[in-house]
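Work the whole structure out from these sequences, hints included.
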Amino acid sequence: DAKTTQPNSMESNEEEPVHLPCNHSTISGTDYIHWYRQLPSQGPEYVIHGLTSNVNNRMASLAIAEDRKSSTLILHRATLRDAAVYYCILIIQGAQKLVFGQGTRLTINP
Amino acid sequence: DAGVTQSPTHLIKTRGQQVTLRCSPKSGHDTVSWYQQALGQGPQFIFQYYEEEERQRGNFPDRFSGHQFPNYSSELNVNALLLGDSALYLCASSAQYGEWLRPGANVLTFGAGSRLTVL
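First to last, the sequence lines map onto chains Y and X. Converting from the first sequence to our numbering requires adding 10 to each position, the first position being numbered 1. Converting from the second sequence to our numbering requires adding 109 to each position, the first position being numbered 1.
Everything labelled a hint here was simulated from the structure, so no lab data went into it. Heads up, the beta-carbon is just placed ideally off N, CA and C, and yes, glycines get one too. Zero decoy hints are in this set.
Partner residues are not named here, just some residues of chain Y that face chain X (Cβ under 10 Å, in silico): (1) Tyr46; (2) Tyr56; (3) Phe110; (4) Gly111.
Written out as structure tokens, the structure reads:
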């Protein structure tokens, strides 16, 4: 399984944008980039995914580098409820399992 | 939509005992996966069930076994419990196996987990 590298922790302020980086230099052409987050005392929650183009949904935006070796999850206006561990995961199309790394623990200050 | 439901939410066992955890998938999902999450770590894949068969397995010993029922619900069984089995056990469901071939279809819905403590 291709691996991802994320900072262990990040901190931001409420109502400010947050950019969570992820490096995946060994990504292959068939790997999708998925982001999940895990709030305290809950299971992981799907956030967003993409292949080559930038993606937007109601939760976040995903910016993918042109060479696909890195990506950034963007929370446009962080709230206290966005405090969680964020996981960047590569999934081969048709794959059946997620390989989680350590993720980034995001702290939001009021 | 009830999402993925797991039971029990918490349980305490002693070494050597056996435990059974249960999972009901999200409505419309028929594939169930199980993950183990030790404290402070990311979840680790145990195995996946589809059409009542184990389809993939992670690096876990045979003490870990599972079952999927015709209604798509699933059980995780762990025999001869060890202290190191203490963890949060997560169940995740997804769309039918064939759906994974559709670009971007492979999204999992997780339950809140069952917290197992082995003393």
